[in-house]
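Here is how the chains run, residue by residue.
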Amino acid sequence: MENWSLISLCVLLGLTARWAVSFHSYSGAGKPPMFGDYEAQRHWQEVTYNLPVHEWYFNTTNNDLNYWGLDYPPLTAYHSLVCAYVAKLLNPEWVELYASRGYESHSHKLFMRATVLFTDILIYIPAVLLYCFYFCDGSSKQKVATAFCILLYPGLILIDYGHFQYNSVSLGLALWGILGLGLGWDLFGSLAFTLALNYKQMELYHSLPFFCYLLGKCIKQGLTWRGFFHLFKISMTVLVTFALCWMPFLSDPKQPLQVLHRLFPVGRGLFEDKVANTWCSLNVLIKIKTLLSRETQLFLSFALTLLFVLPSSLKLLSKPTLWQFKLALVNTSLAFFLFSFQVHEKSILLVALPVCLVFNEIPLIATWFLLTSTFSMLPLLLKDGLLLPYVVTSLAFLFLSLYLLSALERSTEEELRLGLYRKLTQRWLPKLNLSRIIKWKFWFSLAAMAALSFTSVWLKPPAKLPDLFPVLVSVLSFLHFLGFIIYFNQVQLMEPQRKKSQKKTN
Amino acid sequence: MSATSHLLKVVIQTVMAAPMTNDQSWFYALALGVSFLKCLLINAYHSTDFEVHRNWLALTHSLPVSQWYYEATSEWTLDYPPLFAWFEYGLSHIACFFDKEMLVVPNLNYASPATVLFQRLSVIVADVVFFYAVKECCKCLREDKGKDLLGKPSFILTVLLLWNFGLLIVDHIHFQYNGFLFGVLLLSIARHCQNRHFEGAFLFSVLLNLKHNCIRFIDKSRSSLFIKGQLPQVLSRLFPFKRGLCHAYWAPNIWALYNIADKAFSILGVKFRLLDINKLPKASMTGGLVQEFQHSVLPSVSPLATLVCTLLSILPALFKIWHRPNGARGFLRCLVICALGSFMFGWHVHEKAILMAILPLSLLAVDSRKDAGIFLMLSVTSHYSLFPLLFTTQELPIKIFLMLLFTIFSLASLKTLFRKGGALLNPLEVTYLLGLIPLELICEFVYPLTVWQKTFPFLPLMLTSVYCALGVTYAFIRLYISLLTCSDTTKKTKMQ
Chain A
1 MENWSLISLC VLLGLTARWA VSFHSYSGAG KPPMFGDYEA QRHWQEVTYN LPVHEWYFNT
61 TNNDLNYWGL DYPPLTAYHS LVCAYVAKLL NPEWVELYAS RGYESHSHKL FMRATVLFTD
121 ILIYIPAVLL YCFYFCDGSS KQKVATAFCI LLYPGLILID YGHFQYNSVS LGLALWGILG
181 LGLGWDLFGS LAFTLALNYK QMELYHSLPF FCYLLGKCIK QGLTWRGFFH LFKISMTVLV
241 TFALCWMPFL SDPKQPLQVL HRLFPVGRGL FEDKVANTWC SLNVLIKIKT LLSRETQLFL
301 SFALTLLFVL PSSLKLLSKP TLWQFKLALV NTSLAFFLFS FQVHEKSILL VALPVCLVFN
361 EIPLIATWFL LTSTFSMLPL LLKDGLLLPY VVTSLAFLFL SLYLLSALER STEEELRLGL
421 YRKLTQRWLP KLNLSRIIKW KFWFSLAAMA ALSFTSVWLK PPAKLPDLFP VLVSVLSFLH
481 FLGFIIYFNQ VQLMEPQRKK SQKKTN
Chain B
1 MSATSHLLKV VIQTVMAAPM TNDQSWFYAL ALGVSFLKCL LINAYHSTDF EVHRNWLALT
61 HSLPVSQWYY EATSEWTLDY PPLFAWFEYG LSHIACFFDK EMLVVPNLNY ASPATVLFQR
121 LSVIVADVVF FYAVKECCKC LREDKGKDLL GKPSFILTVL LLWNFGLLIV DHIHFQYNGF
181 LFGVLLLSIA RHCQNRHFEG AFLFSVLLNL KHNCIRFIDK SRSSLFIKGQ LPQVLSRLFP
241 FKRGLCHAYW APNIWALYNI ADKAFSILGV KFRLLDINKL PKASMTGGLV QEFQHSVLPS
301 VSPLATLVCT LLSILPALFK IWHRPNGARG FLRCLVICAL GSFMFGWHVH EKAILMAILP
361 LSLLAVDSRK DAGIFLMLSV TSHYSLFPLL FTTQELPIKI FLMLLFTIFS LASLKTLFRK
421 GGALLNPLEV TYLLGLIPLE LICEFVYPLT VWQKTFPFLP LMLTSVYCAL GVTYAFIRLY
481 ISLLTCSDTT KKTKMQ
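Chains as they are written, first to last, in UniProt numbering: chain A, 1 to 506; chain B, 1 to 496.
The following block holds chain A by itself, in its conformation from the complex (with noise of 0.2 Å):
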């Protein structure tokens, strides 16, 4: 069968998949006063229309920012702006100011699932399909194989159409920006990249990584003009881009601080509800919430992502090439997840997105992941009633990784890159079959979190603790986020990619 058949044929199963999940309910859905999410968005709508531009990240008495003030920057504002012209053609009291909060109703959630579909389709799915081909190795059915697992990874589906989001705007922009370096074209690269931060401030955790691979680049043309010139022009590309989306608000000081202001809620604290990073795991044994103070905290918090962030990113300067930039990508973003101020458990999905580009490489430690990566989420998604597509598209998607890409098949040593656990154990345990114990470990993990997802639906939690479940889902996945944070900064800081894969690395 040819190659666009076969391509249709995933992008469609893709696209099914994720309309049947919208058919479920959504964040906060029939819940007052607050609802959820889904109401945040459409509220945003109702602001960016009725209000002029002044006014949408202020205090006023018609924008009351206690009732999900714009917390996003001003890209997630416009383009809120556009859904809403078309929400008023179809229907104003969509988006009538302040008679339409709460609104919910059959037909608007239709039309708010199909303002997801439609970027998605628009944005991230040809972004997929293009990294598949460009980057992958393989035949052209591997190269499909790996784009529809990447399609049907259940994290993104579920939290963009159950919950309700819009991050495959912001991560289909960063996968733009990621393809745009990969294939020699910095400054569209920066461009798009530069655009999904303007989208989403958390796509700061992958700033990181795109600064020093391009920095490592410039450097590599050596210390010539040349390199001067191409930092210079990625760097003016960069400014202008943030210029031109925040140009409404330059024109007084006031707006860029208050909107900077809403971007970073340094007051709110440590971390909000339960997330499967270390200070609230750890505040299970040590209430350091309540323990240290404001400064300490984010003493702390600084120094130890600043600690875990920094090899990576040193040794992507020192070596700019692809596969350095998507693992030091995993790497930077999973530490700013596991360290950083206040920290959503939808923000794994940040990492969720460099782990589905070294799918085609490491195919089993990306399904392990991604699959924990959902099951993270498993408090939230519960909380809005999506725990059946949650089931099934975690099984669907474990099934196809495993079955279309050999995952288990393709787990010998080498194949796992476990370089520097065979040289530690290579002393005192020398027979030790690291791939098998990999595997049980693989099959053990998932066991536990398939019983942990049963009984946080059925059982009911003791009085005495009633957040019991969720705690416990939020402590097994940070166990394994710091296996798997130690295992990608080995086999980036360990091993060099196989000559086989080189060629289409810049």
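It cannot be assumed that every hint is accurate.
What the hints assert, rightly or not - As a list, the in silico BS3-like pairs of lysine-lysine whose alpha-carbon atoms are at most 27 Å apart: (1) A:31 - A:383; (2) B:370 - A:88; (3) A:220 - A:315; (4) A:346 - A:441; (5) A:31 - A:460; (6) B:139 - B:370; (7) A:289 - A:464; (8) A:460 - B:139; (9) B:415 - A:141; (10) A:109 - A:346; (11) B:370 - A:109; (12) A:441 - A:464; (13) B:420 - A:141; (14) B:139 - B:415; (15) A:315 - A:383.
Please keep in mind that the hints were generated in silico from the structure rather than gathered at the bench.
Only a predicted model underlies this, so the values are computations on that prediction, with no experimental measurement involved.
Here the structure of chain A is known, so what remains is to put chain B in place on it, guided by the hints.
Coordinates of chain B only, in the frame set by chain A:
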């Protein structure tokens, strides 16, 4: 090796990552994949057929057998044969673990989440019969060793059957148990192809006791009916001749064309003052579940007339087969023609009945070029004709995606299979099929925004019906011609 032990072997091999020595794993992958898709569609729209089956669960569970065909609290009385009623009875015992309330007869339109989950899962699990039947049918095909997997006839057939668009949307969205029933039909066919005729006949009689509209196949096997002194009541429920010539949405058969011709003549007649508008019987075409049909200009059609037409349409095929049997392929071709014939000329035909022709035709399609061409024409047209079954906006993207999925797959794979010998479809056929795109755009996107939506809401349905009827009729004629003109190809027959 039995299916369960093979499946267990596949699972164990997957867990241990041992290399796959047996290359049948793709079958289970496809079956599992489609089951996942069906699970995702659990919360999609379901039609009144959902309540129909819930009611049958309730009445078979709560009432004694003697009352099953007399119970009439709900408007959805039991109108399937007894074996299906026993099937519902069996299901009802599992239903009590999900939600006891669904088994209470007066709980009309009861659809709690647990009820929906149970009913949907029962259809998905019952499809195992269908999976088994498809596996058996694949054994009847000639295999080309060394061909790449995606080009193998058995692979293509498996996808065409397991992922059939019509079955997916009728069973797993609209809600019915066709997968299970067609599984029995296909198994019966497979047994005949494998020369296990007794099993084939037995399976066929089982099928008749499950769904009586398979009675159109009755000349192929003997049948037996459960007789419990209730035959007249059962028969009256099974064959409700009080219903009209057509369903509220006209199935794309001959009568749709007949109706439109009648309408056209009456309009023209009134316009040219050949007919008096007051003397014409008023034909209503709006809404309602089922209605009688009276024609204005052309003679009205009675149930007897449709029976006669059906019999006349299938007699030449039967005669040809009797006279010159062509082995399994000839038998299949005749089967498809009988199914199509009764679809074309039958009384109160549902558009879903076209599946009865498409599924067996898939077996022929992977075997011969001509049949592949006819299959493409028929499947695309009839799948499109099923669109009005899912009229909700929410399901619109699903039906378009799945339709495209199936169409692209069947076109691409059959083209690759028969790449030697030119195109499968001639330009006229391609134009006709492409015409479905503007038709869909007009009916579902443009028309609802016009003023006529309120005054003539049935117009898109009528258009769909008539346009598809043309395609189905064309396929029927081509199929007939191929049956009547295929001379002694018994020696070349590739099936066992």
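Here's how the hints hold up against the structure:
Distance restraint check for residue 31 (chain A) and residue 383 (chain A): the Cα-Cα separation of roughly 11 Å lies within the 27 Å cut-off, and the hinted pair is therefore satisfied. Between residue 370 (chain B) and residue 88 (chain A) the alpha-carbon distance is near 52 Å, which puts this suggested pair outside the 27 Å criterion. The straight-line distance between the Cα atoms of residue 220 (chain A) and residue 315 (chain A) is roughly 14 Å, inside the 27 Å bound, and the hint therefore holds. For the hint pairing residue 346 (chain A) with residue 441 (chain A), the CA-to-CA distance comes to about 25 Å; that is within 27 Å, so the pair holds.
Restraint check for residue 31 (chain A) and residue 460 (chain A): satisfied, since their Cα atoms lie roughly 22 Å apart, inside the 27 Å limit. Among the hinted pairs, residue 139 (chain B) with residue 370 (chain B) is consistent with the structure: their alpha-carbon atoms are about 22 Å apart, no more than 27 Å. Between the alpha carbons of residue 289 (chain A) and residue 464 (chain A) the distance comes to roughly 21 Å, so the proposed pair stays at or under 27 Å and holds. The hinted pair formed by residue 460 (chain A) and residue 139 (chain B) fails the criterion: a straight-line CA distance of about 50 Å is larger than 27 Å.
With a C-alpha separation of about 18 Å, the suggested pairing of residue 415 (chain B) with residue 141 (chain A) holds against the 27 Å cut-off. Restraint check for residue 109 (chain A) and residue 346 (chain A): satisfied, since their Cα atoms lie roughly 21 Å apart, inside the 27 Å limit. Of the supplied pair hints, the one linking residue 370 (chain B) and residue 109 (chain A) is violated, its CA atoms being roughly 46 Å apart against a limit of 27 Å. About 32 Å separates the Cα atoms of residue 441 (chain A) and residue 464 (chain A), which puts this hinted pair outside 27 Å; it is violated.
Under the criterion of a C-alpha separation no larger than 27 Å, the hint pairing residue 420 (chain B) with residue 141 (chain A) is consistent with the structure, at around 23 Å. Between residue 139 (chain B) and residue 415 (chain B), the direct Cα distance comes to roughly 22 Å. Compliance with the 27 Å bound is thereby established for this hinted pair. A threshold of 27 Å between alpha carbons decides the hint, and for residue 315 (chain A) with residue 383 (chain A) the separation of about 41 Å lies outside it, so the pair is violated.
Against the hints set out earlier in the document, violations occur for numbers 2, 8, 11, 12, 15.
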